[in-house]
Amino acid sequence: MALKHMSSIEEKLRALNIQLGEAKPPVGNYLGCKIAGNLLYASGRVSDLKGKVGSDVNQEEAKKAAHDTVLLILAIIKNEIGDLDQLKGVLKVQGFINCTDNFLDLPKVLDGASDLLISLFGENGRHARTATGVAQLPFSTTIQLDIIFELR
Amino acid sequence: MALKHMSSIEEKLRALNIQLGEAKPPVGNYLGCKIAGNLLYASGRVSDLKGKVGSDVNQEEAKKAAHDTVLLILAIIKNEIGDLDQLKGVLKVQGFINCTDNFLDLPKVLDGASDLLISLFGENGRHARTATGVAQLPFSTTIQLDIIFELR
Amino acid sequence: MALKHMSSIEEKLRALNIQLGEAKPPVGNYLGCKIAGNLLYASGRVSDLKGKVGSDVNQEEAKKAAHDTVLLILAIIKNEIGDLDQLKGVLKVQGFINCTDNFLDLPKVLDGASDLLISLFGENGRHARTATGVAQLPFSTTIQLDIIFELR
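Residue numbers (the working numbering), protein chains in the order written: chain A, 5 to 156; chain B, 5 to 156; chain C, 5 to 156.
Some hints here could point you the wrong way.
[To be verified] Incomplete in silico selection of chain B near chain A, CB under 10 Å: (1) Q23; (2) V97; (3) L108; (4) G126; (5) V138.
[What the hints assert, rightly or not] Cut-off 27 Å, straight-line C-alpha distance, at most; resulting in silico cross-link-like pairs (DSS-like, lysine-lysine): (6) C:K54 <-> B:K28; (7) C:K67 <-> B:K56; (8) B:K82 <-> C:K92; (9) C:K56 <-> B:K54.
Since the hints were derived computationally from the structure, they do not count as laboratory data. Using N, Cα and C, we set each Cβ at its ideal position, and we do this for glycine too.
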């Protein structure tokens, strides 16, 4: 019986009941990701969720948006490199969060992304991280993630 | 007849009727760029243009400022490494844009930088990119670009 | 007579009358730093100092906070890799500064970090740098530094 090839990352996604959607095309003149040596730089990707954390959006919703944005990025990478198993782990996550002046718990929001990455990549998924609050993101979105992955 | 050496990047700049100006010195205790392995990290460079996109500055002016800021960065790199042909391509562009809360079209603005980089470096000039709106940039400037180049 | 091993970086810290404190644990699901090849990415670290430059905090206080934040990062790295002499130099510093719209002298603030790094690492401590003003940082802190180090 012939089995369709499925990457172990995709097996894990399936085990988590998560399906990657279609890769969304870049909204400008740039690539979804670019490889240099054994690093893959994913373009910054905003969440589908819109609104400012602390006023329009609460912490749990923002955390979920961070999780979902990782999936948007993985869909883009899969579309570009074909097989997510080429990814070995995660080097760095930079998260920009569109939030009010008085919203302080940015790290908890980004754990939505980090928890998922570690679920998928195990110990290699652990990463350095920076959480930065900003006044505005493209299209009034809630989160923007910039991820550097390591390749096998 | 002896020909003064001109890099192909500079030939392309000339073909585009663009002249690199004098490299502006850093305004603090840092380098214009630093090399690690085959990557060159350019210091973040602000535009000469000042003002906030969405109030003082319109989208076209900001796009032009992004284009011009790439030239400021190339002048700095040329001053430091001597020959722009050492650059092979572009890995990542991070653009910070000083804009009002309701200005949404950050990607179009950054295309001013990306279009030029792709004109100069061809396919190798295509890059991963992140566009982030911020409340303020040094000296009230409009754009700040952070570029990682690949070396030959 | 047996001498306890002391790294030359720590000797320099002692010569500067600086003592590294205890490493503070990450406030979310991320690492203090991660190594890829001969680069070490430190997680973004906020200053202990809180408040916005230009209203609550003045330029000199912010510059001191940038200096002190480098020490927080070095304590974290020492805790993770054991010996600061594995660090050879500094590739890139990204500084986010929580400041008012009308505070312009971000570069002077970040010199507090850069001056210290160059004191400790000498010429190898010179680095590319980006200074970005933001409306808010986690826990209302004043400065956030993101540093990429080079390893020996």
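Structure-based check of each hint:
Because the smallest distance between the Cβ of B:Q23 and any Cβ of chain A comes to about 24 Å, over 10 Å, the interface hint for this residue is violated. The beta carbon of B:V97 is positioned within 10 Å of a beta carbon in chain A (closest approach about 7 Å), and the interface hint is therefore held. Here the hint on B:L108 is kept, as its CB sits about 5 Å from the closest CB of chain A, short of 10 Å. The interface hint given for B:G126 is violated, since its Cβ lies 13 Å from the closest Cβ of chain A, which is over the 10 Å cut-off.
Annotation: interface hint on B:V138 holds; nearest CB of chain A at approximately 6 Å, less than 10 Å. For the proposed pair C:K54 and B:K28, the alpha carbon gap of about 33 Å is over 27 Å, so the pair is violated. Taking the CA atoms of C:K67 and B:K56, the gap is about 26 Å. The hint holds against a cut of 27 Å. In summary, the hint linking B:K82 to C:K92 is supported, as the alpha carbons are separated by about 26 Å, within the 27 Å threshold.
For the hint linking C:K56 to B:K54, the alpha-carbon distance of about 22 Å falls within 27 Å, and the restraint holds.
The structure shown violates the earlier hints numbered 1, 4, 6.
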